[in-house]
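On the provided structure of chain A, position chain X as indicated by the hints.
From first to last, the protein sequence lines stand for chains A and X.
Those letters in the first sequence? Residues 1 to 233, per my numbering, in order.
Those letters in the second sequence? Residues 1 to 233, per my numbering, in order.
Read the hints as simulated data drawn from the structure, not as lab findings.
Mixed in with the good hints, there may be bad ones.
[Stated by the list, open to error] The calculated DSSO-like cross-link candidates involving lysine-lysine, where the alpha carbons are at most 30 Å apart (straight line), are:
(1) A:Lys-66 with A:Lys-183
(2) X:Lys-66 with A:Lys-183
(3) X:Lys-183 with X:Lys-66
(4) X:Lys-66 with A:Lys-66
(5) A:Lys-66 with X:Lys-183
In case you want the letters, here they are:
Protein chains: 2
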Amino acid sequence: MSEAWDAETFLARLRDEGGPRYHDRHPFHVRMHEGRLTPGELRAWVENRYYYQTRIPLKDALILSKAEDPAFRRRWIRRIHEQDGTEDGTGGIADWERLAQGLGVDLRALRSFSRVLPAVRFACDAYVALVRESPLVVAVAASLTELFSPALMAARLAAWERHYPWVDRAALAYFRTRIERAKVDSDEAISFVLAHATTRELQERCVDALVRKAEILWAILDAIERAPREEER
Amino acid sequence: MSEAWDAETFLARLRDEGGPRYHDRHPFHVRMHEGRLTPGELRAWVENRYYYQTRIPLKDALILSKAEDPAFRRRWIRRIHEQDGTEDGTGGIADWERLAQGLGVDLRALRSFSRVLPAVRFACDAYVALVRESPLVVAVAASLTELFSPALMAARLAAWERHYPWVDRAALAYFRTRIERAKVDSDEAISFVLAHATTRELQERCVDALVRKAEILWAILDAIERAPREEER
Chain A
1 MSEAWDAETF
11 LARLRDEGGP
21 RYHDRHPFHV
31 RMHEGRLTPG
41 ELRAWVENRY
51 YYQTRIPLKD
61 ALILSKAEDP
71 AFRRRWIRRI
81 HEQDGTEDGT
91 GGIADWERLA
101 QGLGVDLRAL
111 RSFSRVLPAV
121 RFACDAYVAL
131 VRESPLVVAV
141 AASLTELFSP
151 ALMAARLAAW
161 ERHYPWVDRA
171 ALAYFRTRIE
181 RAKVDSDEAI
191 SFVLAHATTR
201 ELQERCVDAL
211 VRKAEILWAI
221 LDAIERAPRE
231 EER
Chain X
1 MSEAWDAETF
11 LARLRDEGGP
21 RYHDRHPFHV
31 RMHEGRLTPG
41 ELRAWVENRY
51 YYQTRIPLKD
61 ALILSKAEDP
71 AFRRRWIRRI
81 HEQDGTEDGT
91 GGIADWERLA
101 QGLGVDLRAL
111 RSFSRVLPAV
121 RFACDAYVAL
131 VRESPLVVAV
141 AASLTELFSP
151 ALMAARLAAW
161 ERHYPWVDRA
171 ALAYFRTRIE
181 RAKVDSDEAI
191 SFVLAHATTR
201 ELQERCVDAL
211 VRKAEILWAI
221 LDAIERAPRE
231 EER
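For reference, chain A alone in the conformation it holds in the complex (with noise of 0.2 Å):
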């Protein structure tokens, strides 16, 4: 087994390997931020994402279950709470929920999944089984995605702002708020990963599962972008 790489050249691998495949380079994402994206499109999107949103805890609450130590737990915890928030109507499911209700999406079926592409479906449920089957640092490493959404969420709602004005601003909280929060997130988790991978098999197997999601959230998007929409039949 090759020698483990240095934490720049090992933090170089990330980068360069699951920034190309982020998805802010998809068509559907690039038409979206130049505001060519129809209502329908963009309500398609919302509830197909939401699914996402929703798996989110959930693969949180496995890298949890994976942690032995206390002190992580009591930082990564945090994520579950600032996704299912503290009450009913807080956190970032209900700030989704909001962008939806924005949208003119009607929240019992936003709730139901009923609009849940299959392929959306089985590309969130691959993420958390990606999850659930990987060690902790490697469960980690794939929501290294982070690295790369501070910009795409700043990008998103400037754009949203300028090209799709009939959609309210205060629905847009959800973006404003992973912005930063993003960066947080990305910090402990490049940090976790660099300290914990320590070995070259389980760095590559880091960079594997980053890429592994990058082509998750790239899958979503082909998905929405190919199924008919209401006002296109």
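Using the frame of chain A, we list chain X on its own:
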């Protein structure tokens, strides 16, 4: 398949199958509460049960990872905070470490799990595996040994204060805290199980899980009781 039991019958089944198997009747526990354990036996118990304590947040995280309802997760996550605390030195695991130190156990040796008996490790790991492999309501039902624990914890506190006066009373904080917490926790768990085990099949799986959990706690005491003691060597 038979009809589902009504709530009263189901609760009676849980109590009737779980109660007689609960480890308060184990000879080792009986001797503990009669003041007949040697310091070495008490230390062995505390060192081995520590491994159990450290598994609790992991199994609770697995329960979280199965729960689709954010409101349920917001309630259940409290258990992880109670065991892990809000910072170093707080929470149930830290309380257990102080108990061990009150008995003269070295903290580093405790945390290394080097004194954990193989059979104790297998039993505790079997609990985590039971939770991992069960549907949510069955996993929650496995925690229902809490129904019987406030009485045991109160008796234990009184017995230790009476029979083992050489153990600093401050070291017994874990037992004091758990008397109240176990009541709240078991009320919450039993409400969930009664509401969500809605078929006879699920109800029977819940009873089986509680029996299995009681067997696990019993097996831990069996292993500790049978192990050679330092002072006996």
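Comparing the hints with the structure gives:
About 23 Å separates the Cα atoms of Lys-66 of chain A and Lys-183 of chain A, which keeps this hinted pair within 30 Å; it holds. For the hint pairing Lys-66 of chain X with Lys-183 of chain A, the CA-to-CA distance comes to about 28 Å; that is within 30 Å, so the pair holds. For the hint linking Lys-183 of chain X to Lys-66 of chain X, the alpha-carbon distance of about 23 Å falls within 30 Å, and the restraint holds. Distance hint between Lys-66 of chain X and Lys-66 of chain A is fulfilled; the C-alpha atoms sit about 15 Å from each other, no more than 30 Å.
About 28 Å separates the Cα atoms of Lys-66 of chain A and Lys-183 of chain X, which keeps this hinted pair within 30 Å; it holds.
Hint compliance for this structure: no hint is broken.
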